[in-house]
Every structure is written in C-alpha cells, then in structure tokens.
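Colleague: Okay, here's what each chain looks like letter by letter:
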Amino acid sequence: MSLITAGVYFTYQPNSPYETHVLKNINLEIKEGEFVGLIGHTGSGKSTLIQHFNGLLKPSAGKVFVDGQDITQKGMKLKAIRQKVGMVFQYPEHQLFEETVFKDIAFGPQNLGMSPQLIEKRVKNAMRLVDLDYVRYRDLSPFVLSGGEKRRAAIAGVLAMNPQYLILDEPTAGLDPRGREEILAHIVKIHRNEGITVILVSHNMDDVARLVGRLVVINQGEIVYDNPTRQVFAEFESLQKISLDIPTVTKLMIRLQEKGWPVRSDILTIEEAQEEIMKVVRGGRADA
Amino acid sequence: MLKDLTIGQYIPGNSIIHRLDPRTKIISLFFYMTGLFVANSTAGYLGVTFFTIGVILLSQIRIIMLLKGLKPLWIIMVLTLILHFFITEGTIIWHWGILKITSEGLQQGIFMLLRLIYLVTITSLLTLTTSPISLTDGIERVLKALYVPVAHELAMMMTIALRFIPTLIEETEKIMKAQMARGADFDSGGLLSRAKSLIPLLVPLFLSSFRRADELAMAMEARCYRGGENRTRMKQLVMKQRDYCTYVVVLIFFGAMLAIRFWK
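As you go down the protein sequences, you meet chains C and B in turn.
Take any residue in the first sequence, count from 1 to its spot, add 1234: that is its number in the numbering used here.
Take any residue in the second sequence, count from 1 to its spot, add 4: that is its number in the numbering used here.
Because the hints were derived from the structure by calculation, they are not lab data.
We put the CB at the ideal spot given by N, CA and C, even for glycine.
Honestly, I wouldn't trust all of these hints.
[Unchecked claim] Straight-line alpha carbon distances no greater than 30 Å define the calculated DSBU-like cross-link-like pairs of lysine-lysine that follow:
1. C/LYS1493 / C/LYS1423
2. B/LYS200 / C/LYS1355
3. C/LYS1265 / B/LYS181
[What the hints assert, rightly or not] Covered stretches of chain C (in silico footprint by chain B; criterion: 3 or more residues with CB under 8 Å from a CB of chain B, positions within the stretch not fixed):
4. 1278-1292
5. 1305-1319
6. 1325-1331
7. 1388-1397
Let the sequences and hints guide you as you build the complete structure.
Modeller: Here it is as structure tokens:
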C-alpha cells in the first residue's frame, strides 16, 4: 500500500509560448505509515506534484499509482481516490462555505454518498481529531470562528472523508505561533493515533526537522534529495545553493563548531541541542 | 480552461500600437466599431477585414493570443451563424424538411459572425497592447473631455475590475480544486444539481472578493489615495505625430465605410 509516481512529467500549457516544464521525471514512493516532508523553494513544483496524488492534475507523461491502482488511466473513478488521499490546500479556511460547521465538515462525506448516521459519526470523529468540541461548534457559522479554529474546521472537512493518506500544503501559513503549534500537534496526533500517512509541504525548516522522518527536497521540478531528515540537513551547503534554509538549531550547532566547540552538527530539535551542549560543556569541565 | 481567458490581459511590447497614446486607441476603437456596424456589404466587410488584419500585424501580438480570446465565445458564434442561416427569408439554396437555408441567410450569418469576431478581437487588442495604468489614464482623459462627472473614479473602477479578472480566475480554480478534493463534482448531473454544485464555489469566491476589495481599499488609503481631486501625474499624456497619423488613417477608414454604405 503506497503512493507511487513513476517518471512523472508535468508541462504547463504545452505547445504554446508559455510552455513550462514544472515537473521532470519524478519518481517517488510514499509507503503507508510514513511521515514525509516535502520542501522546495516557491515555484519549485511541490504544489503541482501533490496535486497528482489525488488526480487533480494529470501528468503529461508517467504514471501515478495509489495502492497499486494506476489513477492516470482513462475512466478512473477519481472520487474514490480523493476519499483515500485527503488533500488540505494552502489556506484551507478559504474553502469554507456552509452555514454551520457541521454542514461544512459533512460536505465531503455527503459527496461520497454516505448515510446521515454515518456522516454524523464521521463529522464527530473529525472534529475530535482537531479538538473542536462537537456540541459547542457544530451549529456555529464557520465564519465566526477564529483563524486557527477556521483552519482546524477546514482540516476536519478533509479528515471526515476518512483518508488513508493526508497531504497538507503549508498548513501553518499565516497562523500565529500558538495556532501553528496547535495545528502541528494535531497533525502529529493524527499520524500517530490514526495511522494516517502524512505528506507535509512546508517552508518552515524548524517544523519539518522536528516532525518528519523522511525529507524530499524538490528544486526546479526535480527531486534533489530523498533521504532521512538528518541526512538531508547535513547537506546545508548545497541546500543553501538552492535557496533553502536549515533548521535554526542546526545552524546554531554549526556556528558553535566553527567557534571550536566539539559539538555534533546533525542536530534537529532544541532538546537534542540542549543535550549535546550540556554533554560538551560538562565534558570540557571534566577535562579542566 | 478558465485560464485561457485573455480579456484584460496586457502583453508588454514595443510595437507602434503599443506606443500610441491610449486616448488615440480609445477614440479609434470607437470609430472602428461604428465603422464595423455601418458595414453591410461584401465590400464593406472586406474593408474592415483588411483594416483589422493590418492593425493586428502592426501590434505584433501573436494571433494565437487573439484566437484564445475568442474561444469562450464559440457557442454564441455558432448560435449566431445557425440562427441567421435558418431564419432569414429569401432565395432558398438548400432545404431539408422545414429547415431551409437562404443565400441571404448565409450572407447575414457570415457577416454577423465576422462582426462578433472583429469586435472581440479589436477590444482585446486594446487591453493586450495598453498597460492598465495608461488605459485608466486614457479612459479618464476621454471621459473628462466628455464632461462626465467623477471621471477619475469611473476609470479607476474599470481598471481595478480589469486587473482583478485574472486574480479571480486563479482563485476560482483554487477553490474548485479544494472542493474537488472533498469529492465535489462540477461537471456532471442535471441542470439543477449543477447549479447547486456551484454554491461551494461561489460562496468562498464572493467572500474572498470582498476580502480582497477591503484589503485593496485599505492599501490605497494607506498611500493617501483620495480620488481624482488635485491629482497630478508622473507621466503626462502627450499626443505625438504617430497619433495624428492614426487619426487620419482611422478617419479615412471610417469615411470609406460610410461611403461604401451610403454613396451610390
């Protein structure tokens, strides 16, 4: 069970003066249960790539497989694929439209033709996953919610379809630090507790470093790295060349190294950094 | 695709048409349209056709861009053609059952079709070759010359509307995709269910338009925008020799159209 792209090319407006090759030979396999980060500069093609996973875009060449099924073939029932592969776009709160939170979250399940009882169950469950109290929120208009709540409601709208894969495009964009933490915590929880495979598209290296196990770096439509997170951020020099940053703590450790401290630089979280610094500091004291 | 709409797009260039004063272009457009509606004979349409092709060649705009602008109108064009074919009375040249095509109908249909195509082509040529800023300037000055009150505000509204067409199209596609990811279906079902399926698209679209309008108003006020009063311009519009030449050419065209129609 996996998402696979096999030699996917995507050309925007082919055979016209505006022809651009957005994706070039993308080969990727995302296995069930993984937590994958997808990073790349603006315009690198990452948003285009993720839209191939649920058939919103068709590759100009190459194939996309969802659980072994070729979704690029003709006559494919894309609704079933879109149920399986949930997609949360950037600023998902802009898609809210119903009178109540309940109705909006129920939109997806309804499109899948579920019974009212099942829909209610799904909505309840989805709201629980993003920590929106069912009784308190279900009859509120989605437009009176705060920014963070709106976004959670919108994410619930995708979760209510019970996807096995969840793709999130910049889910924390435009939120304050607290809202960001909340959303990320929910995503981690959904990944751990529900066993949903998550692909997280992000600009924020600090978030990515902390959360994902595997990191795919894309630049100008091509995959540059596809490795465990720690390994990717060890390549900070080449990352900088394609205008990508490294996590703040990693930067700190590199600076410490440059100043002559014998610390490791493949550090991804504040906790790790703390431990490493303490170790070196204590070690230094023992030597003295 | 919605993205193919060319209305309101501007393609920078350096052709003679690009460099004309916007007022010249607007006024010429008016004469051209009048000329186009005056034409009602083969000779007249030949004249318009040559003139149009000349303008397109001078503008150096790729013909494909103009054809794209016509694409969304194909239903109206086919309808125009068919209606004129079958409804106009006259000498019958072909019939099948109660359907009949007359030679007058054939001619009328083709004329109407050409009229439609030229109208759209030449108006999109105006926006394709004129930057939004100079277009506003031009509209404003022309309106002022006609003593229209609030000329500046009207012109500003028009340009903002034009400017936002591509943005709104992009927004529409984004929302459409987001709802499709939730299993929405925009292109199947009967008329009623299709109309209903537009609600998840239109509500967010309206909301985002209002949000954008708010933001834009705020940004304009933050830069001390207060309408047309005491407004000065960095680039003053000045008529050049090429503009006067254009007026001469356009007036000759217009005169020729009148002559073909009324001079016997």
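Colleague: Quick check: do three or more residues in the segment 1388-1397 of chain C have a beta carbon closer than 8 Å to a beta carbon of chain B?
Modeller: Answer holds; 3 residues pass the 8 Å Cβ test.
Colleague: Taking a Cβ-to-Cβ distance below 8 Å as contact, does the segment 1325-1331 of chain C have at least three residues touching chain B?
Modeller: Three-residue rule met by the segment 1325-1331 of chain C, so holds; n is 5.
Colleague: Please verify whether C/LYS1493 and C/LYS1423 have alpha carbons no more than 30 Å apart.
Modeller: Judged against 30 Å, a Cα distance of about 39 Å means the pair is violated.
Colleague: Go check the segment 1305-1319 of chain C versus chain B for me, would you? Three or more residues, Cβ under 8 Å, otherwise it fails.
Modeller: Coverage by chain B holds here, the residue count being 3 at a Cβ distance below 8 Å.
Colleague: Quick one, are B/LYS200 and C/LYS1355 close enough, alpha carbons at most 30 Å?
Modeller: holds, 25 Å
Colleague: C/LYS1265 and B/LYS181: Cα distance at most 30 Å?
Modeller: holds, 25 Å
Colleague: Do three or more residues from the segment 1278-1292 of chain C put their C-beta atoms closer than 8 Å to C-beta atoms of chain B?
Modeller: Result for this restraint: holds, n = 3.
In summary, the structure is inconsistent with hint 1 from the numbered list given earlier, while agreeing with all the others.
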